[in-house]
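Q: Sequence:
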Amino acid sequence: MSKTKLINSRTQSRISFSFVVLWFLHGVSLAQAPPAPRITAAIDNAQRTIIPGTHPPMARQANDTGEVPSGTKLGGISIVFSRTASQEAKLQALISAQQNSSSALYHKWLTPEEFANQFGVADSDISKVESWLEQEGFAIDGVSLSKTRVTFSGLAGQVAAAFGTELHYYTIDGQVHYAPSKDVNVPAALSSVVLSVSNLSSFRPRPQVRFRSNFTSSQSGDHYLTPKDVDTIYDINTA
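Once you know that position 36 of the sequence shown is 20 in this note's numbering, the rest is easy, because the numbers rise by one and skip nothing.
What the hints contain is simulated information worked out from the structure, not anything from laboratory work.
Don't be surprised by glycine CBs; every beta carbon is placed ideally from N, CA and C.
Some clues are possibly wrong.
Here are the simulated DSBU-like pairs of lysine-lysine, each with C-alpha atoms no more than 35 angstroms apart in a straight line [claimed, not checked]:
#: 1; residue 1: Lys112; residue 2: Lys166
#: 2; residue 1: Lys57; residue 2: Lys166
#: 3; residue 1: Lys57; residue 2: Lys92
#: 4; residue 1: Lys92; residue 2: Lys112
Derived DEER-like restraints, expressed as beta-carbon distance ranges [stated by the list, open to error]:
#: 5; residue 1: Asp157; residue 2: Thr56; range: 21 to 29 angstroms
#: 6; residue 1: Lys57; residue 2: Ser85; range: 44 to 52 angstroms
#: 7; residue 1: Thr49; residue 2: His91; range: 15 to 23 angstroms
Let the sequences and hints guide you as you build the complete structure.
A: So this is what it looks like as C-alpha cells:
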C-alpha cells in the first residue's frame, strides 16, 4: 500500500470514528427527555406472549420430581426490561467511546440515574407493570435505579397463575433444584418491555473454563494475584 493510500485510510478511519461520536453525542442530547412509553394497549391476561429462554435447559422432564407447593414463598423475582433498538445502538456506541482513549467520552461513566434516563423504560410503563403484578397478588420490593427491572415476591401458585407455568422440582446428581416447567408467558401488552423474568429458578450457570495457576504459595500451594497483576492482565491504567 502506498503512503498516500495509507494516510487516506487513516484519515477516513478518523472521520468515521468522529462521525460515530458526533452521532452518539447527538443521540445523548436527544435522550435527555424521559423515555417514551411503550405499553400502549390495555393489559389483557387472555392475550399472552411467550418469553423465550425462561425455561432452563437443565429442567428436563426426566429429572422432574413434582410440582413446587403453591404456598411456597418466593422472593427476589424480577421482570427485566428490554431496550429499544435505538437505545441498544446508543448504548453500544457509548461503550465503544468509553473504552477509546481518543474519545471525549473515554472513562466518562454514567450514574444509575443518567443510565435510566437514557436506557431505561418510561415511568408510566413501570407503573403499569407494577399494577399488573399487584393485581396478580405479588408484593413489589423495588425498582432498580437504572429502571431496567422491577423486583417482587409472592407464592409459587401466584407465579403459575401470572406467568402461565408451574414451578417444578428437578433432581440432578442428588441435588434438588426448582424451575419453571416451560417458558413463562406474559400479557401481550407487556411484551414490548419484558426481556425476561429472572430468579424463578435455582439453577445457576457454571463456568465452562477453568484455569490452572503457575504462581503458587510456598506453603499452601495456592495461586494468588496482586492488584498490579490484575491491572496488567486487563490493561487497566490505575494512574
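Q: All hints, please: hold or fail.
A: Here is what the structure says about each hint:
1. A threshold of 35 angstroms between alpha carbons decides the hint, and for lysine 112 with lysine 166 the separation of about 25 angstroms falls inside it, so the pair holds.
2. For a cut-off of 35 angstroms, the pair hint linking lysine 57 to lysine 166 stands: about 20 angstroms separates their Cα positions.
3. At roughly 42 angstroms between alpha-carbon atoms, lysine 57 and lysine 92 are farther apart than 35 angstroms, so this suggested pair is violated.
4. For the hint pairing lysine 92 with lysine 112, the CA-to-CA distance comes to about 33 angstroms; that is within 35 angstroms, so the pair holds.
5. Between aspartate 157 and threonine 56 the Cβ separation comes to about 23 angstroms, which falls inside the hinted range of 21 to 29 angstroms.
6. Taken as a hint, the range 44 to 52 angstroms holds for the pair lysine 57 and serine 85, whose Cβ atoms sit roughly 50 angstroms apart.
7. Between threonine 49 and histidine 91 the Cβ separation comes to about 50 angstroms, which falls outside the hinted range of 15 to 23 angstroms.
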